[in-house]
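Visitor: Quick mapping for you: the protein sequence lines, in order, are chains Z and L. Be aware that the first sequence starts at 1, since it is given in our numbering, and climbs by one per residue. Be aware that the second sequence starts at 1001, since it is given in our numbering, and climbs by one per residue.
Careful, some of the hints might be misleading.
[What the hints assert, rightly or not] Just a sample of chain L residues kept apart from chain Z, beta carbon distances all over 12 Å, derived:
(1) PHE1053
(2) ILE1084
(3) LYS1099
(4) GLU1103
(5) GLY1113
(6) PRO1123
(7) ARG1167
(8) ILE1208
(9) TYR1218
[As the list claims (entries may be wrong)] Listed next, the stretches of chain L that the computed footprint assigns to chain Z, with coverage defined by at least 3 CB atoms under 8 Å from CB atoms of chain Z:
(10) 1146 to 1153
(11) 1180 to 1186
(12) 1255 to 1263
[Claimed, not checked] Partial chain L-side listing against chain Z, Cβ under 10 Å, derived:
(13) PHE1033
(14) SER1079
(15) ILE1097
(16) ALA1126
(17) GLY1130
(18) PHE1137
(19) GLY1200
To be clear, the hints were calculated from the coordinates, so they are not data collected in a lab. Computed from a predicted model, the values in this text were never measured in an experiment. A virtual CB, placed ideally from N, CA and C, is assigned to each residue, including glycine.
Chain by chain, the residues:
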Amino acid sequence: MLIQQLVNGLLLGTTFALIALSFNLVVGALDRLNFALGETAMVSAICGALLMAQLDIAFPLALLAALAVGALVAAITFLLSFRFVSAEYHTAPILSSLGVGLVLTSLVTRVLGSDQRRVPTVLDDVRIEIGPLRIVGDQLIILSVAAVMTVLLYVFLNRTAWGTAIRGVSDDADMSALLGVPVQRVILLTFVISGMLAGASGLLTGLSFHTVSPFTGFETTLTALMVIVLGGLGNITGGVLAALMIGVIETLTVAYLSATYRDLIVFLLVGITLLARPQGLFTRDTGVVGRV
Amino acid sequence: MSAYTEAVTIKLGIAILLALGYWITAATGKFSFGHAAFMGIGAYAASILTVKFDWSLETSILIAGLAGAIAGAFVGWISLRLSILYLAIITFAFAEIVKILLESWDYVGGASGLFGMRGTTVPLVAVCIGIVIVYLFLLTRSRKGLSYEAIREDEQAARACGLGVTRISVEAFAVSAAITGVAGALSAHETLIITPSQFGAAQSLLIILFVVLGGVQYFWGAIVGAVVLTMLPIWFDFLEEYYQITYGLLFVVLMILRPQGIIGRGTARRFDLDALKRLVPGRTGGDRDD
């Protein structure tokens, strides 16, 4: 039973890892957090779920649609909450992106209704059993999509010119600008990628619970914030490790204690981490933390 | 005074108190995103005392302020040493923790809430607002008020001038939480029933919007913000249905056009349409302009 719970936890963690990657990319590029990413994930997931349940569209196409919606919403958020907001006011992007999140949630509930949406099972008859361990088809899909996206992101960031530009801007925007990098376009690209990651995470989370609710946006943001604080703001590897850790902790708490303590234990863990190691569990130097 | 006018006046007074309380921490440039938690702590502290122990409302309100101050000092102590991003994250999480704890505490009714409180009157609210305004009037004319302003405008320069930035910020945060706690106690004894979900993220954002709309430079800006945002849904009924969209859009538009709030000086900055052009491919060269 314990092994089964551990595996379930790790699988839950992979969806957290995607949304944490999404937040961390933005923190790296701009030293700011996009608080609307949770709602971005929710909107993408609802769109994907509607396509799958109502129009019988195959999962890969619905996933692509979710990615596109996520990218679009993130690009709009960038323009509204970051690009046109004066950099002098540090809290302005936070408030503005929270506002975008509010608008997204209420738009979705107004236009599409506030009921939960069903996400149909994708791989019905696939099941792997290793001793007591059982992994169903949808879990395999979640794992493989998350893995493929993480690997693609890694390759993109490390092996392409635009990826190098993103890392350059994240490291030192002024220096990158001096060297001829179109900084604002690179930041827009970063937002688009982060939106795609959020969209994927939203739909995959929906797939693992088989429902999507329009009210989960803020909750997703909170979970992602806990993950990136635990892993260290802007630390991409740390974020992934922390996501897996929180996934396991949440699953074990629900399985062996009670669902009410799920969030509480995570918050306490993060609180203690902040007191002892404000730079996060997996960060050696302060890095981005010193700048934001 | 008719019952309706009285209810609206009390609601307005509590909103003003919340805005003034929040203004104190915003005056040091530290934005909390979970002030509803302090409101909840004050509300529950006072309600337990009046309902379960038959204490008088006035004493309970004082205790509510004290409870708010202690919680505020604790949260401030953890988060104000770090950057504003961490402050935002920690205050968000703190508000959720308070909500979860209250929901699982059966003594105060859990998620279904605590009821039986009453007694908030217009004079009581007026006295509370009066005390806070006198305090703020003296504060803004004192060296401490100047130090708040210095920290808000440039934290590094303030530190270089020898101000204990963290200590002053924590103090401001605790006073702010205390006033918010008092406002919570007053609102609990007006609404007759309190549930943990009343003190969630939506309430926190509303408090922030009071101050952001009014501007942080002068404390009476916060009063203006509170009055406008409380009266709008009362005057325009149709807003009730769209209030979330309205508030969300208000945040977005305000931050672009007047991030310093309606009231207050700020660097003149027009809506910059050239920024759009710079995103269109075709130009070469670096273009970071902020």
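Visitor: Of the numbered hints stated previously, which ones are contradicted by the structure, given in increasing order?
Guide: Going through the list in order, the structure violates hints 2, 3, 4, 8, 10, 11, 16, 17, 18 and respects the others.
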